[in-house]
Each structure stands twice: as structure tokens, then as C-alpha cells.
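From first to last, the protein sequence lines stand for chains A and B.
Residues in the first sequence are numbered consecutively from 301, following the working numbering.
Residues in the second sequence are numbered consecutively from 301, following the working numbering.
Check each hint, because a few of them may be wrong.
List of simulated lysine-lysine pairs, BS3-like, C-alpha gap at most 25 Å [unchecked claim]:
no., chain 1, residue 1, chain 2, residue 2
1, B, K533, A, K320
2, B, K532, A, K391
3, B, K323, A, K458
4, A, K539, B, K458
5, B, K458, A, K560
6, B, K532, A, K560
Quick caveat, the hints were computed from the structure, so don't treat them as lab data.
Protein chains: 2
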Amino acid sequence: MVRISSKDNPLIKHIIKLNKSSKYRRVNGEFIAEGLRVCRDAALSDAKISALIITDSAQDKYAEDTALLSDKADKTYVVSESVFEHICDTKSPQGVLCIIKTLDNPFLFGKIKSNGKFLALDNIQDPSNLGTILRTAEAIGIDGIIMSADTCDIYSPKVVRGSMGAVFRVPYTVVSSIAEFLSEHKELNSYAAVVDSDAYSVTEIGFTEPCVAVIGNEGNGLKPETVESCDKKITIPMKGRAESLNASIAAGIIIWEMVK
Amino acid sequence: MVRISSKDNPLIKHIIKLNKSSKYRRVNGEFIAEGLRVCRDAALSDAKISALIITDSAQDKYAEDTALLSDKADKTYVVSESVFEHICDTKSPQGVLCIIKTLDNPFLFGKIKSNGKFLALDNIQDPSNLGTILRTAEAIGIDGIIMSADTCDIYSPKVVRGSMGAVFRVPYTVVSSIAEFLSEHKELNSYAAVVDSDAYSVTEIGFTEPCVAVIGNEGNGLKPETVESCDKKITIPMKGRAESLNASIAAGIIIWEMVK
């Protein structure tokens, strides 16, 4: 166990950069999980923890959990409360943070051919939405998630936290373009989620396996080429003067209709 | 049209307090809507606009909309960009903000007896969740929302924004306690949403009108007395290691199952 007392310590600077920059995360192959619950989720999902950073008070307060985490981590560092406040991304930190190796849970494409219900995300931009979608996909029972390269980074601190640990457990893959992915996987029944009263209602679709529902950007919806690459257009019928649903709610209802 | 150039102007201080304090909003009977879209929604829903605050550039850029708003508002004030940044609650402000009189859209309780599908919220704490739930309730077609007094303030800037204007259109009422409300409205078929594998699946329930589904707090779920006051317990069946759904996603799926 090593003690760090300065904000200028290279590891502290490394953590701050991992929190801030998706490019830095990609280059270093690491990301941050903060908070007891999400760190526990990481450990229980056999994620590779390169470092555990804790405060003295967290070590006292969560003795059993921090011992488990310390066991799983390559190294453990103890920092002062003020240093921890400097590196954390939350308002009321618990004093527990892990540096985690980029996950290796891409799903097997061979599996798609025979079965499975999947979700594809085309340019989702809000990390809170992505985190919520991962959490919902796991809870309701989606087999895997395909994300376009321009979807926000799955390793951003807000996604990791909002997913409530699902990021460690839901199989996923990142592809350069959803349209391209679908053109290479014609065996998938594909459904483009759109706001269009002429589209099929989600209740009319059987979602025969293997299938994928495709959700688009919060403001602009799906790219035209993505819609074109799908077999059918589906929609959630709406009433009143509302123009659309929040992307994570739309995804939630579609996942629910697919799987229930 | 009046020009305000100082941050010390009493109206500017009034706006800041309306943004920050639910108590101040209650005492003054006013709240803030910020951004062109939500201000337009307010005007089109015949909300009473006591003041419109705009920047010069917003007046140029959104000439038609700001003219409509200025027409509806009791008074219009033009402020500098720096003053606007001081009063706004968003990161990339459009330079359009309205002070709005507290709404008067409580729904008629008499109506409940004969028909309607309602949603009750018991101690929802996150303004983003409340905003999303209002937006979803309007889009899918809920007849009214009952909120416990300890639910977060519907007039908080985040709720107003997140609701995408639904706050101006969805009938709602605030009651001191959901349990008490239900004991006074035995005619309502009431369903407590819980995480409990022994509860009825939402797919097993017919949601016969008049009915109400009750959603609880993000971390703690429903209060025991609220569950007891309901006719039945309902749940969204879950898979995997996920322990629960985000409150707004759970509400979304339940609203969907009630209304579809």
C-alpha cells in the first residue's frame, strides 16, 4: 500500500486525464470506476483492476469491500480526502476509485446468426442516456449492444456510473457504421426506430430472432443511411403535443417489447 | 422594452432566486423557463408570462418567435450577453428566458371516478427523472399525474427543461401523501410498482379504468404505507444481475403497458 499526498503525483494526473479524455482512455487502455458499488461490480465481474485508490476513512468505513478490492487490484494507493476530491467526478465521494483495464467483452458475431436480440445505437451523444440504456438492456435481457463509433464513449465516468455496473456485464461491440454493420449481417431482422406515424407500431412487430432494433441520436434521430439499411421502420405511437420521447425511454420501451 | 445592463438589478436577482429556490418559487408564485423551445411551449399553452428576458442577438436570430413571446409577456427586457450568462441555468444559452406564473392545471378529481389512467409519484427526487416522466406521460397518453409533496419541485429549471414543455400541458396535482390520497379515492384501481418477484408482472394486469400506477423513490422505492394503500403490487420482470431499473425507465414501461 502506497501513500500519495500530492496532487502533482503522476498517478493523480493520470486519473484526472482518464476522467476527462476519451482519447486518453483509448490510448492508455484504461478507464475509471468511482464509488463503492461500481468498483465492487467491476471486481465481481472479473474486470482487471490496475489500481485501487482509497481514502483512510473509506478504508475504515468499508473495510470488507476495500479489502476485497485491494486483493483484486494490482496496486493499492491511499490518498488524503483533499487529493481524492481533486480526482473524483462526483459531488459526495465515498473515497473509493479504481483504474480499470479496458474491457474485453465483445460478443461473438457467430452467435448472431443463430439467435439473439440485439440493440444498435447510432450516434447516441448523452452519457447519461448511454448509461441508462446499458442498465435497461441488462435488466430486461438484451443479448448484446452494437454501438457506432460516433456514439459517446462507453468508458466515460457518467456512462460507467449510470450503467450501475452493466458496463462490466453486457456484451457489446463498437463498429465504424451501423449501416455498414447491417449490410454485412443480412441474417439479422433489423428495425429502425423512427418518429413516423407510417412506420409499424412496436406492438405489430414479432421481433423474430435474430433481430436488432436501432436507436438514433437524441436530437436528430437515425441517419438516413441507417434507416435505409434496416428491414423495417418501427415507432412508438404517441399522443398529445409531445414530439418525441427521450432516447433512453424510447430504447427502454423498445427493449421491453422485444424481449417480454 | 426595457434594457437591463447591471447584474445588481432587482429583476436579475429575482430570476436567480427563482432558478435556485423552490421555496422562493412557491412564495412568489413564479418560475423560470429558459430556451426558445420551452418558452414557445409556454406561450402556446397559454401560460401567463410575467416577463420575457432576451439578448440583442436572440432578438435578431429568433425574430419571429421572440416577437410572439414579447406579445404574450407582460413586459420585455433586453439584457447583455454577460448578464444573460449570469441568470441562465444552461451551458450554451440561446438568450431567451421567461418568468412564468405558477400554473393552474390541477385536474378535476370528479373525473377520476368515471374514467382515466393516472400516474402517482411518491418521493421522486431527481429533477431529470421527473422531467422525463412528465414528457413520457404526455407522449404515451396518461390522463394526469399525482405527486406527493416530498417529490421534487415540478417548477425546478431542470424539470421544466427535461419535460420538453409537458409541464405546461399534463394535468397534475400535488397531495400531502399518496397513501392518504388513495384512501380517499377507493374507486381507483391502484398498482404499487415494486421490485419483488412475487408481485404481478405488468403484463398480467389489465389496468382497468379508473386506475393509477404508483412509482417510488429512486433509491428506496415506495414507502411501506404507500404499498399497503394500493390494491395490487406490480413489477417489471428482470433478468441478469441488474437489481433495478432507473425510475424514469420503470415509469416509462409501466405507462406504456397501462396505455398501449
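* Given hint K560 (chain A) paired with K458 (chain B) - CA-CA distance at most 25 Å -> Violated, because 32 Å separates the two Cα atoms, which is more than 25 Å.
* Within 25 Å, alpha carbon to alpha carbon, are K323 (chain B) and K458 (chain A)? -> At roughly 30 Å apart (the allowed maximum being 25 Å), K458 (chain A) and K323 (chain B) break the hint.
* Is the straight-line distance between the alpha-carbon of K532 (chain B) and that of K560 (chain A) 25 Å or less? -> holds (21 Å)
* Would the pair K539 (chain A) and K458 (chain B) pass a check requiring their Cα atoms to be no farther apart than 25 Å? -> holds (23 Å)
* Asked: If you draw a straight line from the CA of K533 (chain B) to the CA of K320 (chain A), is it 25 Å or shorter?
  -> violated (43 Å)
* Asked: Taking 25 Å as the top limit, are the C-alpha atoms of K532 (chain B) and K391 (chain A) close enough?
  -> The hint is violated at about 38 Å.
The structure does not agree with the numbered hints 1, 2, 3, 5 stated previously, though it agrees with the rest.
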